[in-house]
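Asks: Given next are the chains, with one letter for each unit.
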Amino acid sequence: MTPSAPPAAVPLPPPRAKFEARNVHVHYGASHALKAVSIDIPDRTVTAFIGPSGCGKSTFLRCLNRMNDTIAIARVTGTIRLDGEDIHAPAVDPVLLRARVGMVFQKPNPFPKSIYDNVAYGPRIHGLARGRAELDAIVERALRRAALWNEVRDRLAAPGTGLSGGQQQRLCIARAVATSPEVLLMDEPCSALDPIATAQVEELIDELRSQFAVVIVTHSMHQAARVSQKTAFFHMGELVEHGDTDQIFTIPRDPRTESYISGKIG
Amino acid sequence: MTTAAFALLLLATVGACLVNRRAALAIRGRGARLHSLAGFHGAYAGLLVAVPTAVLVLLWLLLEGPVIDRLVLAGLPGAALAGLDAGGRDLVLAEIHQLALGHRFGTPAPHALEAAARLVRLREAAGLLLLLAVLATAATLAFLARARVRADFRARPRAERIIAGLMVFASAVAVLTTLGIVASLVVETGRFFALVPWTDFLFGTRWEPQIAIRADQIAGAGAFGVLPVFLGTLVVTAVALAVAVPVGLFAAIYLAEFASPAGRRRMKPVLEILAGVPTVVYGFFAILTVAPALRDLGALTGLAVAPNTALAAGIVMGVMLVPFISSFADDALAAVPRALRDGALALGATRAEAVTGVLVPAALPGIMGGILLAVSRAVGETMIVVMAAGLIARMTVNPLDSVTTVTVQIVSLLVGDTAFDSPKTLAAFALGMLLFAVTLALNVLALAIVRRYREAYD
Ligand SMILES: Nc1ncnc2c1ncn2[C@@H]1O[C@H](COP(=O)(O)OP(=O)(O)OP(=O)(O)O)[C@@H](O)[C@H]1O
Ligand SMILES: [Mg+2]
Numbered sequence: 001m002t003p004s005a006p007p008a009a010v011p012l013p014p015p016r017a018k019f020e021a022r023n024v025h026v027h028y029g030a031s032h033a034l035k036a037v038s039i040d041i042p043d044r045t046v047t048a049f050i051g052p053s054g055c056g057k058s059t060f061l062r063c064l065n066r067m068n069d070t071i072a073i074a075r076v077t078g079t080i081r082l083d084g085e086d087i088h089a090p091a092v093d094p095v096l097l098r099a100r101v102g103m104v105f106q107k108p109n110p111f112p113k114s115i116y117d118n119v120a121y122g123p124r125i126h127g128l129a130r131g132r133a134e135l136d137a138i139v140e141r142a143l144r145r146a147a148l149w150n151e152v153r154d155r156l157a158a159p160g161t162g163l164s165g166g167q168q169q170r171l172c173i174a175r176a177v178a179t180s181p182e183v184l185l186m187d188e189p190c191s192a193l194d195p196i197a198t199a200q201v202e203e204l205i206d207e208l209r210s211q212f213a214v215v216i217v218t219h220s221m222h223q224a225a226r227v228s229q230k231t232a233f234f235h236m237g238e239l240v241e242h243g244d245t246d247q248i249f250t251i252p253r254d255p256r257t258e259s260y261i262s263g264k265i266g
Numbered sequence: 267m268t269t270a271a272f273a274l275l276l277l278a279t280v281g282a283c284l285v286n287r288r289a290a291l292a293i294r295g296r297g298a299r300l301h302s303l304a305g306f307h308g309a310y311a312g313l314l315v316a317v318p319t320a321v322l323v324l325l326w327l328l329l330e331g332p333v334i335d336r337l338v339l340a341g342l343p344g345a346a347l348a349g350l351d352a353g354g355r356d357l358v359l360a361e362i363h364q365l366a367l368g369h370r371f372g373t374p375a376p377h378a379l380e381a382a383a384r385l386v387r388l389r390e391a392a393g394l395l396l397l398l399a400v401l402a403t404a405a406t407l408a409f410l411a412r413a414r415v416r417a418d419f420r421a422r423p424r425a426e427r428i429i430a431g432l433m434v435f436a437s438a439v440a441v442l443t444t445l446g447i448v449a450s451l452v453v454e455t456g457r458f459f460a461l462v463p464w465t466d467f468l469f470g471t472r473w474e475p476q477i478a479i480r481a482d483q484i485a486g487a488g489a490f491g492v493l494p495v496f497l498g499t500l501v502v503t504a505v506a507l508a509v510a511v512p513v514g515l516f517a518a519i520y521l522a523e524f525a526s527p528a529g530r531r532r533m534k535p536v537l538e539i540l541a542g543v544p545t546v547v548y549g550f551f552a553i554l555t556v557a558p559a560l561r562d563l564g565a566l567t568g569l570a571v572a573p574n575t576a577l578a579a580g581i582v583m584g585v586m587l588v589p590f591i592s593s594f595a596d597d598a599l600a601a602v603p604r605a606l607r608d609g610a611l612a613l614g615a616t617r618a619e620a621v622t623g624v625l626v627p628a629a630l631p632g633i634m635g636g637i638l639l640a641v642s643r644a645v646g647e648t649m650i651v652v653m654a655a656g657l658i659a660r661m662t663v664n665p666l667d668s669v670t671t672v673t674v675q676i677v678s679l680l681v682g683d684t685a686f687d688s689p690k691t692l693a694a695f696a697l698g699m700l701l702f703a704v705t706l707a708l709n710v711l712a713l714a715i716v717r718r719y720r721e722a723y724d
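Top line first, the protein sequences correspond to chains G and E. Take the first sequence: its position 76, counting from 1, is numbered 76 in my numbering, and each next residue is one higher. Heads up, my numbering is the position in the second sequence plus 266, with the first residue counted as 1.
Just so you know, these hints were derived from the structure itself, not from any lab. Among the hints, erroneous ones may be present.
As the list claims (entries may be wrong) - Distance ranges between label pairs, derived from CB positions:
no., chain 1, residue 1, chain 2, residue 2, range
1, E, Ala618, G, Arg132, 53 to 63 Å
2, G, Ala157, E, Phe516, 42 to 52 Å
3, G, Gly162, E, Ala559, 48 to 58 Å
4, E, Leu713, G, Gly263, 50 to 60 Å
5, G, Gly263, E, Ala618, 45 to 55 Å
6, E, Arg420, G, Pro52, 48 to 58 Å
7, G, Leu128, E, Ala525, 54 to 64 Å
8, G, Gly162, E, Leu445, 39 to 49 Å
9, G, His25, E, Ala525, 27 to 37 Å
No residue lacks a Cβ here, since even glycine has one placed at the ideal position from N, Cα and C.
Generate the whole structure from the sequences, applying the supplied hints.
Replies: Following this line, the structure appears as C-alpha cells:
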C-alpha cells in the first residue's frame with residue numbers, strides 16, 4: 001500500500017444533479033426505442049431504473065456513457081449534461097467520458113486475460129499508477145471493494161474467464177471500479193449472481209454511493225427498494241415516473257407504475 | 267461397343283426407375299399406404315440396376331485387353347515366340363496390334379497377319395459378349411427390383427443404404443490414395459537412405475546432387491546434405507512472413523475494426539482476388555519486376571545483390587500469403603464476442619487500445635493458426651521459387667544471396683535425365699518426405715490451435 005490516501009477522505013458536499021438529461025430520444029434505425037426522456041440523476045446516490053423487458057432501460061443507460069455511439073444504427077437526440085457540460089459537445093471525447101462514467105454489463109464479460117490484468121486494464125490505459133506497487137494496490141483495493149479479493153488473492157495470474165459466473169461479474173465490477181469513475185452504470189449486475197454474492201454486490205453499491213453516482217438497472221423490485229434512493233420507471237420507451245424510491249414504491253402517481261410494481265404488467 | 271454398353275446401362279437404370287415408380291404409384295392408387303414414397307421405390311430400382319452393372323462394365327473393360335492379348339499370344343505358333351523374353355513378346359504383340367489397325371511395316375510374317383485377324387475377331391466377340399452380359403445383368407436386377415415393389419417394402423432405407431455405401435466408397439478412394447502416396451514416399455525414401463546414410467542427409471552441409479547416372483558422364487561425386495537446401499527454404503519463408511504477417515494483420519484489423527461496412531464489402535473481395543492469382547503469375551512478377559528493382563536498388567546503394575535473390579522470391583511469396591493471413595485474422599477478430607469490445611470501450615479505451623489490448627490478444631490463437639498455415643504454404647510453395655530463386659545450395663542466411671529451396675531441388679532433380687535407382691532421383695523422394703513431414707506437423711499444430719480457440723468462446 002502506498003501512503004497516498006484514497007479520495008474518499010474528501011468531505012462530502014451535498015448531493016446535486018450529476019447527470020441532467022433533457023428530451024432524449026433514441027432511434028434504432030426506424031424503431032423509436034426511447035421517447036422524450038428527461039431526468040436528473042443526483043450525485044452520491046443510487047438511482048434504480050425499473051421497467052418491463054424491452055422498455056429502454058439499457059438503451060438509456062448506454063446514452064449516459066455514449067456507448068450507443070458504437071451501435072451503427074443507433075441515433076441519439078436531446079441533451080445530456082454531466083456536471084453541467086453537454087456530453088455530446090464536439091469538444092467532449094467519448095473515450096474520456098467513458099473513463100469518468102464506468103459501466104458493468106448485464107452479462108459478465110471478463111477479458112481473456114489474467115484476473116490481475118483484467119482489473120489493471122483500465123488503470124494501465126489511463127496511466128493511473130506510477131509503478132508496479134501502486135498498480136498492485138489499485139488492483140487489490142478494487143478487488144476488495146468488489147468482494148472478490150478473498151476468493152482470488154492466491155490466483156491473480158489465473159485467467160479471469162476461468163471464474164464462476166458470479167465471480168466473473170464481481171471481477172467486472174472491480175474492473176470498472178479500478179478506473180476510479182465518477183459514475184457507475186450497472187446493467188442488471190446481479191442477474192447472474194447467487195443470493196450471497198448479490199448481497200455482497202448490494203453492500204458494495206451502498207458503499208460506492210459515498211463517492212459515486214450509481215445507476216442500476218434491475219428487474220428485482222426488492223433490490224431496487226433495498227439499494228436505491230431514487231427510482232425511475234420506464235415503460236415502452238417512455239420515462240413514466242421518477243422520484244424517491246420510498247414514494248415510488250408506496251404511493252406511485254402513475255397507474256402504470258402501480259400495476260408494474262404490484263406485478264400486473266411486465 | 268462400350269458406348270453401346272453404357273447407353274444400355276443408362277437405359278436400364280432409367281427404365282427400372284420409372285417402372286418401379288409407376289408400380290408403386292399404382293399400389294397407392296389402389297388405396298394402400300406405402301411405407302416409402304414412390305420416388306424411393308424408383309431410386310431403389312435404379313441404384314440396384316446401375317451399381318452392379320456399372321461395376322461389371324468397368325471390370326470388363328479393365329480385364330478385356332489383357333485377356334484378349336493372352337489369347338492372341340497363345341494362338342501363335344510356338345516358333346514365333348521361341349527364345350523371347352517379356353520385352354520381345356511385347357514387341358510381337360505391338361506389331362500385331364499395329365497390323366490390326368491396318369498399319370503395315372515391311373512384309374509381316376503370315377502368322378502375324380493371321381493373329382491380327384484373330385485379334386479383330388476376338389474384340390468384336392468380346393464387345394457383343396459385353397452387351398449380352400450387361401443386358402442379362404440389368405434385366406435380372408430390374409426384374410428382381412420390380413418383384414420387390416410392395417406397399418410395405420422399405421425402399422427408402424434400402425436406397426439410402428446403397429447411397430451411403432457409395433459415399434463410403436468415395437471417401438475410401440480418397441483416403442487410400444493418400445495412404446498410397448505416403449507409402450510410396452516412405453518406400454522410396456527408404457531406398458534413398460539405403461544408398462546415402464540418413465545422418466549425411468539430415469546433417470550434411472553440402473548439397474551437390476549432380477552425380478553421374480551413366481558411366482560416360484562427367485560429374486562430381488555427389489553430396490546430399492539437406493541443411494543448405496532447407497536453410498534456403500527457411501530464408502525465403504522468413505522473408506515471405508516478414509512481408510505477409512504485418513501487412514495481412516494490419517489489413518485484417520483495419521477491415522474488422524475500422525473500415526465502414528461499405529468499405530469492408532468492397533475491400534474484402536479485392537483482397538481475396540490476390541488469393542486467386544495463379545502462382546506462376548506471381549513468378550513472372552518476381553523475375554520481371556521485383557528482382558530487377560532489387561538489383562537496381564543494390565546498384566544504387568552499393569550492396570551486392572544476386573540476380574535471383576531469396577529476397578525477391580520471398581517478397582512476392584509474402585504478397586501471395588497476405589490474403590491468407592488477413593482472412594484468418596479477420597475471421598478470428600470477428601469471432602471475438604462483441605461484449606469484450608464493449609467492455610474495453612466502456613472502460614475508456616480508444617478503438618486502437620481495444621484492438622491491441624483486448625481484441626488481438628483474444629484472437630491471437632486464431633491468428634497464430636492462420637500464420638502457421640501460411641508457413642506451411644510458404645514451405646511447400648513451388649512455382650514462385652522455381653522461377654525466382656536459384657539452383658545452387660549455399661549455407662547462407664543473407665536474403666540478398668541466391669538460395670535454393672527444397673521444392674526447387676525436387677523439381678530440378680526430377681526433370682531431365684533420370685534413372686529410378688540413382689540416389690539423385692531418390693533424393694527427390696527424401697526431400698518430398700521431409701517437406702511432407704514439416705507441412706504435416708505445421709498443419710496439425712495450426713489446426714489444434716485454431717480448434718482450441720474455437721472452444722474458448724462456445
Ligand atoms: N442494438 C440494437 N439494435 C436494434 N434495436 C435495439 C438494440 N438494442 C436495443 N434495441 C431495441 O430497443 C428497445 C429497448 O431495448 P433495451 O435493451 O433498452 O431494453 P431493456 O429495457 O434494457 O430490456 P431488458 O430488461 O430486457 O434488458 C427494444 O425494443 C430493443 O429491441
Ligand atoms: Mg437491458
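Asks: Next step is simple, just say for each hint if it's right about the structure.
Replies: So, going through the hints one by one against the coordinates:
1. Ala618(E) <-> Arg132(G): 53 to 63 Å: violated, 24 Å
2. Ala157(G) <-> Phe516(E): 42 to 52 Å: violated, 31 Å
3. Gly162(G) <-> Ala559(E): 48 to 58 Å: holds, 52 Å
4. Leu713(E) <-> Gly263(G): 50 to 60 Å: holds, 53 Å
5. Gly263(G) <-> Ala618(E): 45 to 55 Å: Holds, at about 48 Å.
6. Arg420(E) <-> Pro52(G): 48 to 58 Å: Holds, since Arg420(E) and Pro52(G) (Cβ atoms, about 54 Å apart) stay within the stated range.
7. Leu128(G) <-> Ala525(E): 54 to 64 Å: violated, 32 Å
8. Gly162(G) <-> Leu445(E): 39 to 49 Å: Between Gly162(G) and Leu445(E), where Cβ atoms are some 41 Å apart, the hint holds.
9. His25(G) <-> Ala525(E): 27 to 37 Å: holds, 29 Å
Violated hints for the displayed structure, listed by number in ascending order: 1, 2 and 7.
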